[in-house]
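S.K.: Here is how the chains run, residue by residue.
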Amino acid sequence: MNSHWSRRTLLGGGFSLGAMLAGAPFAARAQAAANGPPPKFLIVLSAFGGANLIDSFMAVRESESPNAAQLNAYPNDLVQTIGEFRAIDLKSKAIGAIPASFTANQSNFVKKHGSDMMVVTRTGSSVNHFVGQQRSINGNAAWKGRTLQEAVALTYGQGHAIPNVHLVNGTGFTEHGTDKSIPTYAFGERAPSPNLWPLSLDGYKGVRGAPQRDLFEAARRLRNDQLDPGSDFFRTFGQSEKVKHWQGLREDSLRGVEAQDLITKLMLFPDSPKMPLTASGLKGSDLGQKVRDAFPNYDFDPLESQAALAFLLLRYGVSVTVTLGPEGAAVFKKGVTLGQGGLGEGDIVNTPISFDFSHQANREVQAVMWDRILKTADRLITLLKSEEYAEGKSYWDHSMIYVATEFGRTRKRPDNAMTFGTGHELNNGALIISPMANGGRVLGGVDPETLMTYGFDPATGRPDKGRTMTESEIYGGIVQALGIPTPGAGLTDMRVMRRT
Amino acid sequence: MIRHPLIVLAALFALALPAAAAAAGPSEVPRNSLDPRVKLKDGDRYLRDLSAQLEIPREEICKELLQYDCFRDAFRIVLGGVDAADLGVNEPLEQEALTAPIALDRVALRVCVTRVERDLADPKHAVLLRGAGPKGTSPSPAWVKRTVQGLYDRILARDATPAETAQLMGFYQKVSASASPADTKVKDWVTLGCFAVASSVENVFY
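Those protein sequences? They're chains A and B, same order as listed. Numbering-wise (my numbering), the first sequence opens with residue 1 and increments by one. Numbering-wise (my numbering), the second sequence opens with residue 1001 and increments by one.
Do not rely on the hints blindly, as some may be mistaken.
Restricting the straight-line Cα-Cα distance to at most 25 Å, the calculated cross-link-like pairs of lysine-lysine (BS3-like) are [stated by the list, open to error]: (1) B:K1174 - A:K180; (2) B:K1063 - A:K265; (3) B:K1174 - A:K205; (4) A:K274 - B:K1063; (5) A:K112 - A:K393; (6) B:K1041 - A:K242; (7) B:K1185 - A:K205; (8) A:K283 - B:K1039; (9) B:K1039 - A:K244; (10) A:K244 - B:K1041; (11) A:K205 - B:K1063; (12) A:K205 - B:K1041; (13) B:K1174 - A:K242; (14) A:K205 - A:K112; (15) A:K393 - A:K40.
One side only, chain B facing chain A, incomplete, derived with CB under 10 Å [said to hold, decoys possible]: (16) I1056; (17) P1057; (18) E1059; (19) V1078; (20) L1087; (21) V1089; (22) A1108; (23) A1163.
Hints are computed from structural coordinates only; laboratory data are not their basis. Each residue gets a CB set at the ideal place from its N, CA and C atoms; glycine is no exception.
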């Protein structure tokens, strides 16, 4: 534990530096952050619908299970072993009843990033999508109900304009936690449409015909300092918490955001007929071409646009945590139109309801969606590795990708069926990818008789068939690997989940 | 609007105070509401109100990048809306987004720029910038005062107080003294006066 942590730890009991600075202006928070430890970045890559480890890194061969015919054990030749991990590379002419062929690959990712991959088993407490999603990020209220993203924003986000950004929509992975002591800046900020959201980061730039900026700022001061405080409306209702909150945002956070020219830095698009930036006095990000090369479908695939913006948010020091992931809508390859005589190879990029389409065709959906998740993670890692953070360390050296999912999928199948549907199952696990995690490891194991996962010793990692891992334990392991002090939280020391 | 009944209620409350307190005079009222419940207008309501206040059709009032509706396409969720069908966002944000006041300022500025440009293009039907005199000449104080009253009448449906009038007239002096081109000073002042009133707490809450 270094001196920074010691100072923070002394504050104890959740009364952290972040909490002390909760009401402090952005500049004061930024100054405090400059004296603190270098940030760690958390990327929550959500896998809506149940990303099943039994269909990926903990797959079981038919020859290994005495009940293989009735359980989701894979034909031997489909299961690869790479280090401690398994991988399934699957080709199919259809996704259940949908005649859409695809080729999905897991092994490439494992070969490339296996040393940073850590798979942990976990048994959840709800098979309700929304509740399970929430618990995957708050550990079932493991630490006062604060989410992983809030914990990271609170610890490392003081000097960042928008520490916690939520890019994925319509899931419980972005719900606020229930810890009311968290300062406002640590809450997730929703960026619902990555392509246009940067326009909300500057009240002036790009408004053609507007007076000079200094006059605009003078008008803001006139409003804030004279017109508003003097109005009868304000004198009557100015004590409203909503009005006070609005004033706080208007005067403090606004400056922290606008001062960084984020409307330019985070603009994914180049000038084009669809996004006529130049005509509006705007331009695209200096790193725009780089992220567009990495995510070439950014203009129509929601996940690619989220991932592209996520990288820019981290790279430009805007955020310390971003949450992204596939949503509920089906996504097709660009140019594909339905009702034109069938779908071609790889035309379905995202199955309807994402992983949850496993209800119809478990193996095919798991293959397509894991492929999508891993490709997104690979490109993000590659981008983060390509940018130096400081002292020869890349952004990736400070980062963690947590593939959050709400539950697993049931294990049964009709006799030897290749295509079959599955339900929701509490028992599963999680994938964590990070140089800070205990990479190259599968922590826990699978019972070949049931294909249910079992746990591990938190200190040594020794597999333990007599236990399962709780949401709280995995939550603790993640915050600890991220170097977040948790005095008084009562979390289990998950020593084996961190590298050092 | 709910605002007016609330102010009336506050005034009635003040009238009910003991005589000694009431004798303090009209400058002391209204007093703090004992239960200050107000709501922030969502972007749709805000733009509908501005559309009516400034006589700009709703479909033309605010376009980002020349083509995206400021609320429906650009800032729907940030400005308190929902989008169940496409985004799966079924409820407005629990608390205003960090970027909401920025987006709202941007919308207000864009709307006011549009209004003033329309006034200049069609002086006969001007709404805010009316009868300023020949281009490049300084308007009279009476015109400045009338214009301030016009801003408040249009946007807040009430008279400007003497203090508000003085503050905006003072702001005119600041704009006049700025480095902006002489023939744009009046335009700039009306635009920014409109912005300041349109983005005031009184106009964005109800």
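S.K.: Identify every previously stated hint that the structure contradicts and give their numbers, smallest first.
M.R.: 1, 8, 13, 14, 16, 17 and 18
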